[in-house]
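K.L.:
Given only the sequences and the hints, what does the whole structure look like? Please build it.
Top to bottom, those sequences are chains D and F. Residues in the first sequence are numbered consecutively from 1, following this note's numbering. Residues in the second sequence are numbered consecutively from 719, following this note's numbering.
Hints listed in this document are in silico derivations from the structure and should not be mistaken for laboratory results. All C-beta atoms in this analysis are idealised placements derived from N, C-alpha and C, irrespective of residue type, glycine included. All the given hints hold, so there is nothing to weed out.
According to the in silico footprint, chain D covers these stretches of chain F (three or more CB under 8 Å from chain D):
#1 857-868
#2 908-916
#3 1018-1024
#4 1028-1036
#5 1049-1060
Distance windows between CB atoms, simulated:
#6 F:His937 x D:Glu188: 43 to 51 Å
#7 D:Lys49 x F:Arg915: 44 to 52 Å
#8 D:His227 x F:Ser741: 56 to 64 Å
#9 F:Phe793 x D:Gln106: 52 to 60 Å
#10 F:Gln871 x D:Lys49: 51 to 59 Å
#11 F:Phe813 x D:His227: 57 to 65 Å
#12 D:Asn183 x F:Leu935: 46 to 54 Å
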Amino acid sequence: MKRHTAIKDSHSELRLYRQRMTLSLIIVTLLLGVLAYRYAALQLFQYEKFVTQSERNRVHVQAVAPKRGLIFDRNGVLLADNQPSYSLVVVKERVENLDETLTDLQQLFDIDNKSIEKFRKRLLRRTPYQSVPLKFRLTEDEISRFAVNRYKLSGVEIKAQLVRNYPEAKAFTHAVGYVGRINSSDQEDLDRLEFNKVNYAATDHIGKIGIERFYESILHGEVGSQHVETNAHGRVLRVLQQENPVPGQDLVLYLDAGLQKRAAELMTDKRGSIVAIDPRTGGILAMVSTPSYDANPFVTGISTNEYTKLRESKDLPLFNRSLQGQYSPGSTIKPIIGLAGLHHRVISASSNVSDPGWYQLPNDDRLYRDWKKGGHAHFINLHDALMQSCNTFFYDLAFKLGVDRIHEFSGQFGLGSRTGIDSTNERPGLLPSREWKKATKRQPWFPGETLNIGIGQGYMLATPLQLAVATATIANRGERPIPRLVQPSDGIRNKVLERQAIMQASRKDLLFTGKEDGSSTKSSAEKFISSLANNIDSRFERFDLSENHWDQVIDGMVAVVHDPRKGTARAISKGMTYRMAGKSGTAQVIGIAQDAEYDEDAITERQRDDALFIAFAPVENPSIAVVVIVENTGGGSSVAAPIARQVIDWAVEAEKERGQKEKPKKENIQQIQAQNNNQLQAGIKKNSGEQADVGLSNIGQNNIQTAISLAESYERPI
Amino acid sequence: MNVQSDFVRSLPGDPAALSVQPSRLRRWHIDVPLLFLLVIVAAFGLIVLYSASGKDMGRVLRQLIYLGISFTGLFVIAQFQVKTLKSLAPLGYTFGIVLLILVAWIGDGAKGAQRWLDIFGLIRFQPSELMKIAVPLTVAWYLADVVLPPKAQYLAVGLIIAVLPSLFIVMQPDLGTSLLIASSGLFALWLAGIRWRFLLGGAFLAIASAWPAWKFLLHDYQRSRIMTLFNPESDRLGAGWNIIQSKTAIGSGGFDGKGWLNGTQSHLDFLPESHTDFIIAVLAEEFGFIGVLFLLIMYLLIIIRGAQISLLAKNTFGRLAAGSITLTFFVYVLVNMGMVSGMLPVVGVPLPMVSYGGTAMVTMFASFGVLMAISTEGVNR
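P.N.:
What follows is the structure, encoded as structure tokens:
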């Protein structure tokens, strides 16, 4: 290279270098000073801010879900408990390739595309590092399959939580109800009360229907909290401080599980309802609606397919016939009409009516026929008319009473209005009146319609529960019970008072801040609690009739069962060890809408008469009143009455046994409560034992509640 | 060229020339003050690494092995004659350029970047590491025979030597490394005494070209890193996460720290890359401002010693090489500590001698080996 044209001057080069190096060192020192200042600024001047931030990073206050109260039958049989359940969850941040992982999981665990879709929707609502459930209620088999394959499933975990379980499945579903995952409308409802907003911070499930919904405030308990140390992935490393949640109140029902199962068994393959009530307390002993369904899938989310099948079934399994089914009561209304006649002195015990097999209104050509051609007797009185279910007699009586008096009198038995049972979705039936017809049909009342009401047809509709209450009212001779599913207890009473106070305070807060404007936006919790507050203990609505009148009508009902020659239900009295008062009914099914698709067999089958039977026993000292309704089979005395007899047989026997050994049930319940706890503990321990295999590494706590609620709620600071 | 070194040897104030008997270590071409400082920082680094890796002894041992290799490499390079190093520099540089072209062509993508070259499927080699040493030495080699301050045409060639490898590396893409390599060459030019008008002109050009570079040259992730720097809160859980968490770690350390192994930010995984690029945050959290200050002073002493070596160098090549290596070392410290504390954008630059990782450390120690060779030039066993 030829570039040595100029002569290098080493001295001046070194001088230049010294200058530059000195300048560099000055700049270097300055910049290192800036660095030092920067660190001082962070570590000395802003220390407070960052130390707080790092604490906030590390320590989270988490809500701990309370254990939901258990539900027992009257003898301590468990109807609803909490079982550990395992779900497959995915933490998106730790998954390498989400689509691939999902495809793998789909194959491994047989997950349908709909669930994947739902999962993707849930994925959108999550916060970073939050685990999102993909499949609930894993079986032992699936858990081990996960353990085997987990090496290739990074970001997939199994999480344990306590989930409601209904051990008896179908038979109790309509009586007990069920819980389900909190959805957006539940959340909206909870958010109406500041208290509940906080109280449900760690809760996934809420009562959706039945007792579970009505007693939600009692069953739920109060949320606890804990300070936990978490790492950046939200994984809980240890609990620093904890305030235990208060478990929900257990409920003991009046329901007798044995009777309930017997009743459900008797209704196998039939559509209809049985309601049995203890007239002395108003306690519901059995409440069956068939067909029924298993509530367990609803807890964790039923598949769309399964749900569609249930919803679209012609047999309406989701429909709680006992509370929602509105049936024509048919001849079972006759005792009440008879009582009305006696009370209003329209008839007396000896009044006779001529029965040619039909009845005719004055100035009207139309014949109102009796079910028996040719009539029951030349002349018939009230006793025999009840015994033989003579329509002609009651046409005449109804005509003489008139619709107004029938309406007013029957109302005392609870017909036409909700009974006020401690459950949800009860319907009011229909006790027609002039005013009602004017308002809804814009027509005057016709006398012929009064006749129809006299035999429980026409516009008149009643739920099985209403008929049961009416029957209990007859058995009680004028004391109408408010039906109750749950037995009162101090625990419930205290909880109700407590909740009322909380809700009032919460409401005041809302009013004060002007967020809400009062009653129009009451949450369902408030509604149920205020309804409960008035009705925890047995309560009766009383009205007085002459004892003599009760005797006459009840005698007539006894004859229905026990008259060996003419009683409509005399067949069931064979071998009966007690005396029963009953009344059969065979009601025409009216007004079935024409289906778009004409299917003759189905329609004619569905148009057949409903079979009804009401009864109470023992007559002298009634301990049970029963209603049996079987849809579209016809023959109140041949189909419904034998079922009622079986139910009462069982109940009378149980009552006798109960009288012999008083009150062992309290201990029994305590024992089960203890057992349930142990079982849970065992379940969880088993879990933590399997940690290494199954990956429940974040719940190594001894305290099961902590562990469980940790597992289910660790990403949810309050 | 020998003329030159003869000339330099007679300069006044040269202790090597005046000292009668060099120490034993010095006879093995070891610069004792520099070695002492390096060992202290490396030992401190191991202590921090143990905590930063979550008490992973295996990782500490591996780092120890890397350190062993690094010190060996340092020792070997220190034995070279400075003139040998000078003649090797352009060869290494050319080899490096060839490798960079190969990487661009058949490079093996690791972590989304084509930085590694697989040699016979055995050793994975990062050509940019070679360039970290080759670039300052080659610029120094080139300028050593030029009349300084360099005229425009020599300056242009020096500039090309300095910037060419960076153009390849920034395309890989590795912004941090390319900036460091370019600056190491530029430091040699600066120390060679380029004229202020060139300097100011260059600065103006750099500012003028900043916008097109931002628009066309940078990758999205690099842009987002810079944007996040100005407003980390805008993306708390995304790109801003790292900066927020490292600032929190540093700030919560306070004056005297949370104590060794007690840092919550790193032990609870809030701190990203806690044992590599972000390790200073662990140090700051556990040893507090005291610890940071101690490290800064150590680094400053190393820089001062490096500057001293360069000033005492026997020739222009040694002077420029030692000076630019020292200043580049400073840039490592500045960029790393600046980015972790949220002053500078996050570019992948490790903290010298503390961050976990073999390759960068070996390179760093190799450049210190060059320093030692220059420091002990002419010492004979």
